[in-house]
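K.L.:
Sequence:
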Amino acid sequence: PPEKDPFEHLETPQRSAVLAVLYFCDKEDLYCPLNKIAEIFNIHESTASDILRSKRAQRLHNSDGPDTRGRPRQLTNSDANAIASYIDECLFEEKGDHWPELVYKARVVPADGMENYTHQCIL
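Per my numbering, the sequence shown starts with residue 157, numbered consecutively.
In case anyone wonders, no lab produced these hints; they're calculated from the structure. Be aware that one or more of the hints could be misleading.
Straight-line C-alpha distance at most 20 Å; calculated EDC-like pairs for lysine to aspartate or glutamate [as the list claims (entries may be wrong)]:
1. Lys192 with Asp206
2. Lys261 with Asp244
3. Lys183 with Glu167
4. Lys211 with Asp185
5. Lys261 with Glu245
6. Lys251 with Asp235
7. Lys211 with Asp244
8. Lys211 with Glu201
9. Lys261 with Asp235
10. Lys261 with Glu249
11. Lys192 with Asp182
12. Lys211 with Asp182
13. Lys211 with Glu250
Distance ranges between label pairs, derived from CB positions [stated by the list, open to error]:
14. Ser202 with Thr232: 56 to 66 Å
15. Lys261 with Asn233: 49 to 59 Å
16. Glu250 with Pro189: 18 to 28 Å
17. Asp244 with Cys181: 17 to 27 Å
18. Asn233 with Glu195: 36 to 46 Å
For clarity, every value in this text was computed on a predicted model and none was experimentally measured. We put the beta carbon where it would ideally sit given N, CA and C, even for glycine.
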């Protein structure tokens, strides 16, 4: 197979393979230095260290942590959950209502400075 770029981001299968090897070595009391893992998987030692530290096979794209992209979120996770709960529980005929009506009926209050949510807020 062609050589992989060690600067490339690892996808979930590669990250879980690294975690599986580290877990196996830990359970079997085998010495497994990170530089050896980095060499075998053709990744940087710092990447192997990050995987070990995070203990996550999946990369987080939209975490619940602070949003560092500059502007505050317009639609929070709790607002989205409130709207989803309303849609789950409402009558069938109401499930097809327009977005502003669903927001109003779910009793979601728009973010500061907004009169109401628009379709672009959820994209």
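K.L.:
Next, verify each hint and record whether it holds.
P.N.:
Now for the hints, and whether the structure bears them out:
1. Lys192 with Asp206: Holds - the C-alpha atoms of Asp206 and Lys192 are around 15 Å apart, at most 20 Å.
2. Lys261 with Asp244: Holds. Lys261 to Asp244 sits at ~13 Å (cutoff 20 Å).
3. Lys183 with Glu167: Answer violated: Lys183 to Glu167 is near 24 Å, above 20 Å.
4. Lys211 with Asp185: 18 Å, holds
5. Lys261 with Glu245: 11 Å, holds
6. Lys251 with Asp235: 17 Å, holds
7. Lys211 with Asp244: Cα-Cα ~34 Å, so violated.
8. Lys211 with Glu201: Holds, because 15 Å separates the two Cα atoms, which is no more than 20 Å.
9. Lys261 with Asp235: Roughly 12 Å separates the two Cα atoms, so the pair holds.
10. Lys261 with Glu249: 13 Å, holds
11. Lys192 with Asp182: 15 Å, holds
12. Lys211 with Asp182: Since the Cα atoms of Lys211 and Asp182 sit roughly 13 Å apart, the hinted pair holds (cutoff 20 Å).
13. Lys211 with Glu250: 43 Å, violated
14. Ser202 with Thr232: 56 to 66 Å: 33 Å, violated
15. Lys261 with Asn233: 49 to 59 Å: With Cβ atoms ~19 Å apart, the hint is violated.
16. Glu250 with Pro189: 18 to 28 Å: Cβ of Glu250 to Cβ of Pro189: about 59 Å, so the range 18 to 28 Å is violated.
17. Asp244 with Cys181: 17 to 27 Å: Violated, since Asp244 and Cys181 (Cβ atoms, about 45 Å apart) do not stay within the stated range.
18. Asn233 with Glu195: 36 to 46 Å: Hint holds: Cβ distance 40 Å, inside 36 to 46 Å.
Checked against the numbered hints above, the structure breaks hints 3, 7, 13, 14, 15, 16 and 17 and satisfies the rest.
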